[in-house]
Amino acid sequence: MNKKYVHRFGLAVGVSLAAAGALAQEGDAERGQAAAATCSACHQADGSGMNVPNGESWPRLAGLDAEYIVKQLHDFKEGRRENATMVTFANMLDDQQILDVAEYFDQMAVTPGQGGDEADEALLARGQQLAERGDWNAYIVSCQSCHGPGGNGVGSTFPGVASQHAGYISTQLMAWKNGTRSNDPQNLMGAIAKRMSDNDIQAVSAWYATQSGSTQQETAQ
Amino acid sequence: MTTCRRPLIIALSGCSLAFGAGVSVYATNAFAQPEERPDAALNMLVHEPPTMEDLENSDLHPELKKVIRYGHDLFTNTQQLRGENVFNDMNCSSCHLGEGRVPFSAPVWAAAITLPDFRGKNQHVNNLEERIAGCFAYSMNGVPPEYGSDEMLALSAYHQWLATGAPMYPDKPIYGRGFPAPDEPAEEPDYARGEAAYQDNCSICHQEDGSGHYENDEYVFPAPWGDGSNNWGAGIARLDTMAGFIYQNMPLGQPRSLSEQDAWDIAYYVSSQERPQDPRYTGDVAETAERFHGRSLYGQTREQDGHVLGDHDNFGDKGDIKPWNVGMPRFENLSEE
Numbered sequence: 001m002n003k004k005y006v007h008r009f010g011l012a013v014g015v016s017l018a019a020a021g022a023l024a025q026e027g028d029a030e031r032g033q034a035a036a037a038t039c040s041a042c043h044q045a046d047g048s049g050m051n052v053p054n055g056e057s058w059p060r061l062a063g064l065d066a067e068y069i070v071k072q073l074h075d076f077k078e079g080r081r082e083n084a085t086m087v088t089f090a091n092m093l094d095d096q097q098i099l100d101v102a103e104y105f106d107q108m109a110v111t112p113g114q115g116g117d118e119a120d121e122a123l124l125a126r127g128q129q130l131a132e133r134g135d136w137n138a139y140i141v142s143c144q145s146c147h148g149p150g151g152n153g154v155g156s157t158f159p160g161v162a163s164q165h166a167g168y169i170s171t172q173l174m175a176w177k178n179g180t181r182s183n184d185p186q187n188l189m190g191a192i193a194k195r196m197s198d199n200d201i202q203a204v205s206a207w208y209a210t211q212s213g214s215t216q217q218e219t220a221q
Numbered sequence: 001m002t003t004c005r006r007p008l009i010i011a012l013s014g015c016s017l018a019f020g021a022g023v024s025v026y027a028t029n030a031f032a033q034p035e036e037r038p039d040a041a042l043n044m045l046v047h048e049p050p051t052m053e054d055l056e057n058s059d060l061h062p063e064l065k066k067v068i069r070y071g072h073d074l075f076t077n078t079q080q081l082r083g084e085n086v087f088n089d090m091n092c093s094s095c096h097l098g099e100g101r102v103p104f105s106a107p108v109w110a111a112a113i114t115l116p117d118f119r120g121k122n123q124h125v126n127n128l129e130e131r132i133a134g135c136f137a138y139s140m141n142g143v144p145p146e147y148g149s150d151e152m153l154a155l156s157a158y159h160q161w162l163a164t165g166a167p168m169y170p171d172k173p174i175y176g177r178g179f180p181a182p183d184e185p186a187e188e189p190d191y192a193r194g195e196a197a198y199q200d201n202c203s204i205c206h207q208e209d210g211s212g213h214y215e216n217d218e219y220v221f222p223a224p225w226g227d228g229s230n231n232w233g234a235g236i237a238r239l240d241t242m243a244g245f246i247y248q249n250m251p252l253g254q255p256r257s258l259s260e261q262d263a264w265d266i267a268y269y270v271s272s273q274e275r276p277q278d279p280r281y282t283g284d285v286a287e288t289a290e291r292f293h294g295r296s297l298y299g300q301t302r303e304q305d306g307h308v309l310g311d312h313d314n315f316g317d318k319g320d321i322k323p324w325n326v327g328m329p330r331f332e333n334l335s336e337e
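Heads up: the sequence lines are chains V and D, in that order.
UniProt numbering puts the first residue of the first sequence at 1, with every later residue one more than the last.
UniProt numbering puts the first residue of the second sequence at 1, with every later residue one more than the last.
None of these hints come from the bench; they were simulated from the model.
Please note that the accuracy of each hint is not assured.
Pair by pair, the computed Cβ-Cβ distance ranges are [to be verified]:
| id | chain 1 | residue 1 | chain 2 | residue 2 | range |
| --- | --- | --- | --- | --- | --- |
| 1 | D | PRO167 | V | GLU56 | 32 to 40 angstroms |
| 2 | V | ASN54 | D | THR164 | 43 to 51 angstroms |
| 3 | V | THR88 | D | GLU208 | 32 to 40 angstroms |
| 4 | D | LYS172 | V | GLY179 | 34 to 42 angstroms |
Pulled a few chain V residues facing chain D out of the computed Cβ check, cut under 10 angstroms [as the list claims (entries may be wrong)]:
| id | residue |
| --- | --- |
| 5 | GLN129 |
| 6 | GLY134 |
| 7 | VAL141 |
| 8 | GLY148 |
| 9 | PRO149 |
| 10 | VAL154 |
| 11 | PHE158 |
| 12 | PRO185 |
| 13 | ILE192 |
For each residue, glycine too, the CB sits at the ideal point set by N, CA and C.
Just need the whole structure built from these sequences, with the hints factored in.
Pasting the structure below:
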């Protein structure tokens, strides 16, 4: 019954084991490690990134879906996603290196999210509600109906958000709300974020930061 | 394109109510107070059902709370009855979005205040349990739990509790009931346009082949057609109901964002795909179509490939199990008036 996700962007990443001959389309984690040397200053050697209170948080990349990472790096390069810090580093990578670093981070184990520890019980309860059931009075669809059970991601289109840093999650939701991030397909994320209050954003960010994510490859519970 | 004439006309006669006025406010606040809404003039019953948080804060008996919680759980995770009562990949909430509370997504509390009543589908007076049993037999391609069983009682308790405060047998139409179809499209629904619009707007979640999506064996996106979907006898198999569902609810999170033309085209495309056989199948498509399918494309010939829709013996995962409630007669002893 477990249906294989049809890759939407048609890039053959993630299935790079049979590596012989013409494979300009496939990512290679080992090459990716070399190309990612400059990334670790912010995203850290283990891909864990860092929550930076009152500053620009560096997202965890460890365990993110390779195809999702590829899309984001191209979006930075081609101006569909704007961020002054990241555009510099994305521009340093060619198409092959993008595939390689994506594969490299994809294969890393998910690290814990930071920045949710100080949230009080009421805030976390609101966050859990939004994550698992949504708030249909405001037509906020539950996060898990797109990001999957536990917020661990669905295919390559819907990234895992559990175990991401609270500071990063809330920056992204605010960016969608303010219209400064709009690289999502069909405005799927923007439509939801625009209905969220600042408190909702804080709540769900804290909730997901405190949830342990699992990589999508794992079939464990 | 003569195939869709008939269903379309029926659809439009029944569904062209002027919901338009209320629609624009709805996306930001689904249950705004009647006096704040431009549609108050429509003189409809607007009911905001309680939330699960309200349940916890209420004075209801703790045992009743437990049962209502169980009903909510069955409604939103009906897959726990897979193989016993459910034989497709759906939950009740796959079609009744937002836990069955949301207007224009056939909010289920409406049944609790309008039943018992006569139902055309089975030609007798139905109560709430029988209505729920209907969605099991067709929408869930399943076999309903017994009347009076724990599951049935819990589900109906959940429905009835959602209706808290709404008047029984209301004398006004209910705001947001059912899946009202969008207005008549400028051009007749078209398969090829529908297919293109489906691939653009829907396949990212429901997949190009309509099979839906499971992630690590957990249900995420349901199947709009095929074995994992509802059978031909379900309400949503009617073209106008499908158009209404899509227009009012899809893509997820963006109600009424599609043009009316797109909604009808996509509905026509989705409704032209195969799904499990109608449990009322007599063994003959033409006869089954004649008796039960005035508003679906069942029994009609798909012009793309000449396939007659519903002409097969595939009942989906449930095989030859027959839902006990289908065709069950009632009140045969009452005299004719």
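Against the structure, the hints:
Taking 32 to 40 angstroms as the suggested C-beta distance range, the pair PRO167 of chain D and GLU56 of chain V does not conform, at roughly 55 angstroms. Distance hint for ASN54 of chain V and THR164 of chain D: a CB-CB separation of about 45 angstroms, consistent with the stated range 43 to 51 angstroms. Between THR88 of chain V and GLU208 of chain D the Cβ separation comes to about 37 angstroms, which falls inside the hinted range of 32 to 40 angstroms. Checking the proposed 34 to 42 angstroms range against LYS172 of chain D and GLY179 of chain V shows it holds: the Cβ atoms sit about 40 angstroms from each other.
The interface hint given for GLN129 of chain V is met, as the beta carbon of that residue sits about 8 angstroms from the closest beta carbon of chain D, less than 10 angstroms. With a cut of 10 angstroms, the hint placing GLY134 of chain V at the interface with chain D holds, because the nearest CB-to-CB distance is about 7 angstroms. For VAL141 of chain V, the interface hint holds, the least distance from its beta-carbon to any beta-carbon of chain D being 5 angstroms, beneath 10 angstroms. At its closest, the beta carbon of GLY148 of chain V sits 5 angstroms from a beta carbon of chain D; the interface hint therefore holds under the 10 angstroms criterion.
The criterion of a C-beta within 10 angstroms of any C-beta in chain D is met by PRO149 of chain V, whose closest approach is roughly 5 angstroms, and the hint holds. Restraint check, VAL154 of chain V versus chain D: the minimum CB separation of about 5 angstroms is within 10 angstroms; hint holds. Contact between PHE158 of chain V and chain D, as hinted, is supported at the beta carbon level, the nearest pair being about 9 angstroms apart and thus within 10 angstroms. Look at PRO185 of chain V: its Cβ gets to within about 6 angstroms of chain D, closer than 10 angstroms, so that hint holds up.
Checking ILE192 of chain V against chain D by beta carbon gives a least distance of about 5 angstroms; that is within 10 angstroms, so the hint holds.
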